[in-house]
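Novice: Chains as they are written, first to last, in the working numbering: chain X, 1 to 101; chain W, 1 to 641; chain U, 1 to 506.
In short, the hints are calculated from the structure, not lab data.
Since the model is a prediction, treat every value here as computed from it, not as a measurement.
Keep in mind that the hints are not guaranteed to be accurate.
Said to hold, decoys possible - Sample of chain X residues at the chain W side, in silico, Cβ under 8 Å:
(1) V20
(2) V23
(3) L24
(4) D58
(5) V93
Ideal Cβ positions, reconstructed from N, Cα and C, are used throughout, including at glycine.
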Amino acid sequence: MSVAPGFYLVLAGLMFAIGVVGVLVRRNAIVIFMFVELMLNAVNLIFVTFARQQGTVDGQVLVFFVLVVAAAEVVVGLGIISLIFRYRVSSNVDEINLLKR
Amino acid sequence: MNDLVLAAEGASADHTALAPLIIALPLASAFFLMLFGKRIDRLAGVIASGAIGGAFLASIITFGSVVAAGHEAAESHRFFDWITVGDFSVGFDLLVDQLSAVMLLVVTGVGTLIHVYSIGYMHGDARYSRFFAYLNLFVAFMLILVLAENLLLLFVGWEGVGLCSYLLIGFWFEKPSAADAAKKAFIVNRVGDFSFLLGIFLLVATVGSLSMVAINAEAGAMSAGVATAIALLLFGGATGKSAQIPLYVWLPDAMAGPTPVSALIHAATMVTAGVYMVARLSPVFEASGEVALLVVGVVGAATALWAAVMASFEYDIKKVLAYSTISQLGYMFLAQGAHAYSAGIFHLVTHAFFKALMFLGAGAVMHALAGEVDMRKMGGLRKAMPITGTTFLMGCLAISGIIPFAGFFSKDALLAAAWADGRYVLWAVGVLTAFLTAFYMFRLYFRVFEGPLKVPEGVHVHDVPPTMAAALIPLGILSVVGGVINLPGVLTLEHFLEPVVGEAQVPEGAIAWVLGGLAFVAGALGIALARAVYLSRASSLRRRKAYSRAPGLVDAARDKFYIDRIYGYGIVAPGKALSSYLANVFDPRYVDGIVTGTGRLVARASENLRGIQTGYVRNYALVFLSGAVVILVIQLVRVGL
Amino acid sequence: MEDLPVLDLVIFAPLAGILLLAFIPKERLDALRYVTLGVTLVTFVISLGVLGQFDPSAQEQFQLGSSLQWIPEWGIGYITGIDGVSLWMVMLTTFLMPLGVLASWSVTKRAKPYFIFFLALETGLLGVFVALDMFLFYLFWEASLVPMYFLIGMWGYGRRIYAAMKFFLFTLVGSLLMLVAIVYLYFQAPGGPTFSYVELLDTPLTLDVQRLLFLGFFASFAVKVPLVPLHTWLPDAHTEAPTAGSVLLAGVLLKLGAYGLIRFAIPLFPDAARDLAPIIVGLSIVGIIYGALIATMQRDLKRLVAYSSVAHLGFVTLGIFVGSVQGMSGGILQMVSHGLSSGALFMLVGALYDRRHSRQIADFGGLAKTVPVFAGIFLLVALSSLGLPGLSGFVGEFLILLGTFFTYRWWVVPAAFGVVLAAIYLLWSYQRVFHGEVTNEANRSLPDLNPRELAMLAPIVALIVFIGVYPKPFLERIEPSAQRVVDTFNRSTVRPETASVQGGGK
């Protein structure tokens, strides 16, 4: 009945690849952020898959860690982005170069 | 506590009891005037004079008890610890013996007279109270100097009087010449002090203590070489303070200060500190064999002659007196070089009388002539200023060594000592100097006080006010009769000082009379020459003729034989150039250059490296990705896929 | 009362003051000033308690300290204590701090962070002087660097950023070398890894290792002192720092280096110290002459005082390394004396700058007439600085030179000549600023010292005279500690003749 682990891994690989490409090509900070989340979830999927396959809970515990960290990161990250947006009326990452000058 | 110590010392009269009071009176007055002088204004002079007068009275009492105690009068007492580290310890130790008692009387006695004189002289000056504060402070330090039982405390007084000299020479600091002279005096003295300090170190290392008593007791046990080194280093300090070759150059310039200062500091007291110090430590000089003493004698004689020549060409009346002081100090060292320490002190005392008198007289002239110091613009003042003129004449006769004035006895004593010690060349230089001394003093006297009346335009000549006369007259009397303090068979200073400085050799019999006579004749000849050149009808013609014979020499003498310029080009200019090179080139370019160079190197390297940092997140992400892929590939290859 | 940990109170009183300042709104300038002044005064009063409880004749090396576990796994403790050296450093710091606050009256911009940094600096400095744990010491050492960096960088003049950066980098490079040495030492401790100073004292090390570790410590301390040729940060930092910054820089920060040499470099590595002493003595003498010569030609008064500090600190290191108790005691007393006199000189120059916005000597002249009290105090302080007997500078310099003469004989000649040079540069600059006629119209109407300025200078002047006339209370507390360090130094077997004597004995 169960789907072979290979499928999950392929799906996770695809999700990760989409995430990478998205981060590399998009300029909107929020979109980039979402692609980062996508990559994290791809990794989560792999964790869960292997946990299931091995019959242990270690991988599943790690997923919770990742979720918590991701949540915290979203809070801080979105805060920064919205602040920048408020000052510069843009969320284009290429225009955020204050430190460079 | 003090009482206990004194009680323990038993029956001996406590001469040191009054010593701290003698110092404290002028010191307290100085502080008081420094803080509140502005408010009490005219009273400042009275308070200051009163403080010194009180110190003078206390000195007389102390002197009396020293005389009463006889031969074994020396007594010292530590009032508090000063610097104590390890085995080294010095305190505020005062010593009262015959020598310091004599010096006490001179310093406070002459000091009191000059304070009283200054009340009139400084009248109306904007910083009237400040002047008296400095003057009091000076006396306090001078008293520390003469009462000190250890060499470091003496050094406190030594530097302290130097400071006051700095403050008082530069009293009218608005004049650049005064400010320059003050600085020069301090710095030249510092060079001497540098040598003095080295002498102190060597003494500590040799004797282990700086106590005068200990040093003098141990002096006999020193090796001649060490004693010579110590004596010469200490004498190096004396050449600064007592204005001897090669460090005499500050004293003529110091005349930029107010005249009472010149009288007190640069004639009667401070400049004699070197003479006092040599007498105080005479056992060390004796222990050196002959070398150190010969140096002292030769430097003294050379300075005496050199300064006398300079004085003969000077037109500034105060500078004539300054060179004369240098010359007379040379005499004192000449005597000390011939073991005749008491003769040196004797001349110090009489010199304090007549030189202070002449400075005060010169001050009276300047006071009357609106500050004029050039003798070419003066003449015939004795009739207009009888008190000043007469007392000044007393001083001139005294310094020229005319019987029976004070200077005759002291000069005779020291020349006789040089002869008795077999230093005939030095004796001859001394006699020649005596001739020159009489010449330049009477050159000054005749030009200023005799002949037809001549004063700068628009000046109303007046004689001195009572306060100034009150100082001139006693000093005039002392210049006449001061010699009695060492009149053979009556009162003998030399005998009195014997417990401290030892016995001097004195020629006996007929030769003593011949030597005395020669000294007198030399002086009389000098006066005669001065009269011929400056007072007789043909005088100006004779002078012109003399000049035409050796114009170069005269010009050179008037330019102080280029000594100031030689010091300027030889020492000051190279020093400035070196400092300037270090400050403007070496330090910023090389020392700092290494540092900033390193900094610049780092900056340039990072400038090139920062191109990698584009600032675009996706570039970094791409690098991440490639890195991850590379690692993955490596891993796969290693596993063998 | 006796059980009160006064020493720890002294260190942390300023930190408590920072908390207090945090509650004051930044617009209330006067409140900020007076609270800071009050905090520093309270600290000073507590430190007087330390002075009172200090027993000069105590047998143990360190007094009044406390010892607490902090991170026991790593052998780190909170260990404090003072001896005769650190006692006076602590007193000097707490004494100068309130005066520094008084000198900060002209700070009106961003006063709140200024005073906070100021108090943080005080805790850092005091901590360095009392810490007896190498880790704690390093912590305070670095902690004192940061507030000073900001004080120079934010409230300084002209090229302040450059100066602050230079100061920071110089000291940081030195500190890092020291950190390496500390960590190495940590693992060598005889009783297992520890940072405790007292336990580290007996660490057995070969001469080569000692030499390397000594140089690591020395790098840090020599920069701070500063020893020529590592001095070039000093004139810049001094010149650009705000007045109070210069006062504390000269008064206390420079003493950190000399203190470190006495407390750590020599006792921990006596053989290396003994071995390298001639070089350090030589550098010190070069510093004395070099600093004085350069000071002569300065046009800026602050730079002049800065270079004179180089010369004076040369005397200090000379005294520390000649290996006689006179030199060591003189060096320590000279640290106090230099703190007072150069601190006062910077205050005076700062007061002059407040009035005329210039520090150039050429802009002045004839000031003795317009501001006589100012001129008088300046002269007195300068005289102490040039070593006039009866003022504090002389006692230290004399003892140092005497100590030098005992062990190094004629090396004392160039060192003593530095005293002549000091007279030249100080009196020459004094003449150009204060003597002559008033040439610049702007100087004609200068106001003399106001009560606040008198209040900050009078205590220093009084202390300068007191130490000059009666240094006994200072010396008798310094001497036992100085003797201890000198004994360690001289016990070293490096000196060839000593070694051979011992060998012969066995």
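Novice: Against this structure, judge whether each hint is valid.
Specialist: How the hints compare with the structure:
| no. | hint | result |
| --- | --- | --- |
| 1 | V20 | 6 Å, holds |
| 2 | V23 | 5 Å, holds |
| 3 | L24 | 5 Å, holds |
| 4 | D58 | 21 Å, violated |
| 5 | V93 | 5 Å, holds |
The earlier numbered hint that this structure contradicts is number 4, and it is the only one.
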